[in-house]
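Residue numbers (my numbering), protein chains in the order written: chain A, 1 to 144; chain B, 1 to 144; chain C, 1 to 144; chain D, 1 to 144; chain E, 1 to 144; chain F, 1 to 144.
The set of hints was computed from the structure by calculation and includes no laboratory data. Don't take every hint at face value.
For chains that are exact copies, the list does not tell them apart, and a pair is met inside one copy or across any two.
As the list claims (entries may be wrong) - Here are the computed lysine to aspartate or glutamate pairs in the DMTMM-like style, where the Cα-Cα straight-line distance is at most 20 angstroms: (1) Lys-20 / Glu-70; (2) Lys-59 / Asp-27; (3) Lys-20 / Glu-67; (4) Lys-32 / Glu-65; (5) Lys-59 / Asp-35.
Residues per chain are reported as follows:
Protein chains: 6
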Amino acid sequence: MSSERVATVRPIEESQASGKVAEIFADIRRTKNIDFVPLFWRTLAVNALELELVWTSLKRLMHPEAEGREGLLDAKTREIIALVVSATNGCSYCVNSHTTALRKLGLSTAALGEALAIAGLFNMTNALAEGFQIAPDVLPPLAD
Amino acid sequence: MSSERVATVRPIEESQASGKVAEIFADIRRTKNIDFVPLFWRTLAVNALELELVWTSLKRLMHPEAEGREGLLDAKTREIIALVVSATNGCSYCVNSHTTALRKLGLSTAALGEALAIAGLFNMTNALAEGFQIAPDVLPPLAD
Amino acid sequence: MSSERVATVRPIEESQASGKVAEIFADIRRTKNIDFVPLFWRTLAVNALELELVWTSLKRLMHPEAEGREGLLDAKTREIIALVVSATNGCSYCVNSHTTALRKLGLSTAALGEALAIAGLFNMTNALAEGFQIAPDVLPPLAD
Amino acid sequence: MSSERVATVRPIEESQASGKVAEIFADIRRTKNIDFVPLFWRTLAVNALELELVWTSLKRLMHPEAEGREGLLDAKTREIIALVVSATNGCSYCVNSHTTALRKLGLSTAALGEALAIAGLFNMTNALAEGFQIAPDVLPPLAD
Amino acid sequence: MSSERVATVRPIEESQASGKVAEIFADIRRTKNIDFVPLFWRTLAVNALELELVWTSLKRLMHPEAEGREGLLDAKTREIIALVVSATNGCSYCVNSHTTALRKLGLSTAALGEALAIAGLFNMTNALAEGFQIAPDVLPPLAD
Amino acid sequence: MSSERVATVRPIEESQASGKVAEIFADIRRTKNIDFVPLFWRTLAVNALELELVWTSLKRLMHPEAEGREGLLDAKTREIIALVVSATNGCSYCVNSHTTALRKLGLSTAALGEALAIAGLFNMTNALAEGFQIAPDVLPPLAD
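Please build the complete structure, drawing on both the sequences and the hints.
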């Protein structure tokens with residue numbers, strides 16, 4: 001009987017990785033400029049196809065510079081989206097990970113608080129709009 | 001038998017509003033620079049206390065300039081938080097409302113797509129981190 | 001291309017029901033004191049076992065008087081729980097159904113607003129507590 | 001590598017608080033009649049504006065007597081709403097906090113079980129109504 | 001101040017159980033072919049009615065063979081549904097419990113990863129479809 | 001004022017598509033063996049990168065045969081995962097789409113009801129396990 005969180009599969013150790021998995025691990029360290037492969041990626045690696053799919057998507061959206069492109073949103077905004085989605089869903093691993101990323105990008109504690117306050121506010125208004133079944137009164141313009 | 005969404009309470013018409021409610025309706029039109037009071041606020045007005053609480057919170061966080069302050073995050077980032085929280089929760093009224101606000105702020109369709117793609121990505125990673133019960137491998141620095 | 005909501009299975013008409021399903025339909029009309037079987041139950045009836053399971057659970061918890069027992073919570077509190085859970089999850093059918101039930105029980109529009117305001121408030125605090133990863137500071141007493 | 005939950009920001013110690021924050025901390029202790037400031041409030045205090053907004057909303061809705069008003073719902077019903085929303089969202093801090101509050105208000109363990117059983121039931125029916133895309137068959141009366 | 005998860009009510013010990021509760025505990029051990037009663041059931045037992053309702057539903061849907069019936073879906077598919085719902089909701093107890101059940105049924109780690117990858121994928125598409133408010137373009141046939 | 005759901009961006013018409021987008025549209029029609037491109041994909045196409053990312057992921061996980069591989073789970077199980085995740089999140093577009101897919105794969109109405117009943121059941125147990133804060137009593141074996 002334990003309340004400590006332990007992954008339900010055995011993560012791949014970096015030293016065990018080979019082939020495709022080892023390549024992706026190296027790409028993660030390089031792209032994120034970190035000297036270890038986070039547990040999230042070592043866990044996904046139990047299924048190499050899954051690791052590749054998720055990493056490809058995340059790299060493309062969150063590290064466009066690694067592919068010689070620029071994102072339409074800046075890095076801080078992208079990580080704020082990650083944080084507020086994770087707060088809304090209550091994902092502990094994810095909140096910690098994206099808060100760490102935002103610290104590296106220089107977000108102050110007060111600004112972190114503002115982002116979460118706004119996320120909290122709209123979780124409130126979402127429940128109200130659904131709880132009263134309010135129909136949209138104005139549709140957004142389809143401009144481009 | 002109807003699938004059309006209709007609010008479960010009778011919204012307050014602008015012409016019916018008096019006292020505190022009328023004041024808040026005027027403040028909404030002025031602060032948001034719009035010439036009507038959206039259905040969301042006219043619905044909350046069935047309970048004046050509720051209208052006041054939600055409007056006060058939203059005005060303070062989303063319209064700091066109306067109180068002579070500056071937010072720590074810019075207006076576009078604030079509305080993006082609103083949108084991605086609403087997309088995560090599946091709130092139809094809210095998605096429409098915040099998309100409209102982002103259009104007014106000049107967000108392009110491609111950037112809107114990028115914001116939602118990132119929100120989608122992290123709804124995926126949230127489910128993965130929870131589905132494997134991954135424990136945080138690194139705690140964010142408590143800087144500040 | 002249609003945005004009108006239509007059930008993905010063909011609901012059982014009351015006149016078509018026979019055997020177990022007809023018995024449960026009759027029990028629903030009698031227990032809820034209504035003269036039609038709501039679409040929810042006619043839809044579940046596509047799988048008789050499912051209809052029986054959900055109706056048995058709902059009858060036992062929401063209509064204890066029909067089984068000669070009293071609930072520990074009163075009828076209004078029970079329906080308020082149903083409403084705020086449905087608002088939190090954004091279930092349109094359910095919000096309409098439980099608002100209707102609360103009207104029958106005499107809940108005023110202002111009190112409905114208060115219930116939803118409180119539900120909204122705690123959707124906000126939930127996102128904040130998760131967004132900051134706040135650990136419980138006090139465990140509830142295990143009285144009884 | 002740790003699975004212990006630790007807040008992502010450094011909470012404000014009660015002895016460190018000054019100005020607006022100290023006033024709110026005192027109001028929390030007085031209004032809730034407790035001799036410490038819970039971690040939730042000390043964490044929000046990293047952004048004084050956020051602390052003020054959330055406390056003002058919570059005090060107004062959950063402690064109307066502190067403002068010389070009466071709520072339309074009683075204290076036990078209000079805390080039950082808080083609990084079932086928190087259970088639905090899976091917020092650990094919040095479930096513990098509101099269970100503690102309900103114990104103080106005298107809710108028995110069996111009644112707590114009934115409240116959660118009802119919350120569980122409607123999380124089930126919500127998924128069913130959405131999973132079959134059932135359209136509302138009856139709209140609530142807009143009486144007042 | 002503790003982040004360890006502890007149930008908010010005192011679970012019933014197997015040796016303390018009597019009457020209806022003892023019968024259900026015995027049925028759980030027998031039906032699931034395990035030599036202890038999991039904490040989930042011992043916790044629900046604080047309200048005997050609740051224990052009976054949830055166990056009856058779960059036994060009927062998840063252990064049809066115990067009632068001399070066959071399910072329409074096989075045991076592995078049923079447990080996969082349990083797992084992906086739990087991953088989507090972020091329920092720690094449930095993810096652990098259903099992963100254990102899937103191991104017993106012989107699911108490989110790679111297949112577990114595939115199930116969660118698919119669950120992650122559709123949490124992403126759900127957020128996208130809601131975030132763009134996409135209307136159904138094709139309604140399913142009402143065959144049968 | 002309208003409650004009809006309309007996408008917040010202008011979907012790309014099939015006849016308008018060119019380059020990368022046209023290629024992906026063709027691949028969608030071919031891989032899914034349908035003669036139109038569903039609204040979901042035409043909407044994502046407002047951002048070509050996003051369209052590519054989501055389609056690549058979905059094709060790889062849901063149509064492995066198109067890449068000369070076999071999935072570890074069969075096609076019906078994969079679509080059931082899609083359906084129950086969508087039911088849990090309340091995504092209307094997605095529930096319709098995956099129900100249609102399951103019909104094509106031959107799932108009977110009764111089996112569809114069983115899948116949703118099981119999804120409903122575990123949404124109930126998830127809320128109960130979280131509402132009582134039950135700690136895992138048994139960790140899954142890390143076999144493989």
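Problem set entry | 20 angstroms Cα threshold - placement of Asp-35 relative to Lys-59 | within (17 angstroms within a copy, 33 angstroms between copies)
Problem set entry | Same-copy or cross-copy closeness of Lys-20 to Glu-67 [CA-CA at most 20 angstroms] | So Lys-20 and Glu-67 pass the 20 angstroms test inside a copy (19 angstroms) and across (17 angstroms) alike.
Exercise. Taking 20 angstroms as the upper bound on the Cα-Cα distance, should Lys-32 and Glu-65 be classified as within, between, both, or neither?
Worked result: within (11 angstroms within a copy, 33 angstroms between copies)
Problem set entry | Same-copy or cross-copy closeness of Lys-20 to Glu-70 [CA-CA at most 20 angstroms] | Answer is between: at 19 angstroms across copies they meet the 20 angstroms cutoff, but 27 angstroms inside does not.
Exercise. For the identical chains here, do Lys-59 and Asp-27 meet the 20 angstroms Cα criterion within one copy, between copies, both, or neither?
Worked result: Classified as within; 9 angstroms inside a copy, 24 angstroms across copies.
Consistency note: the structure conflicts with none of the earlier hints.
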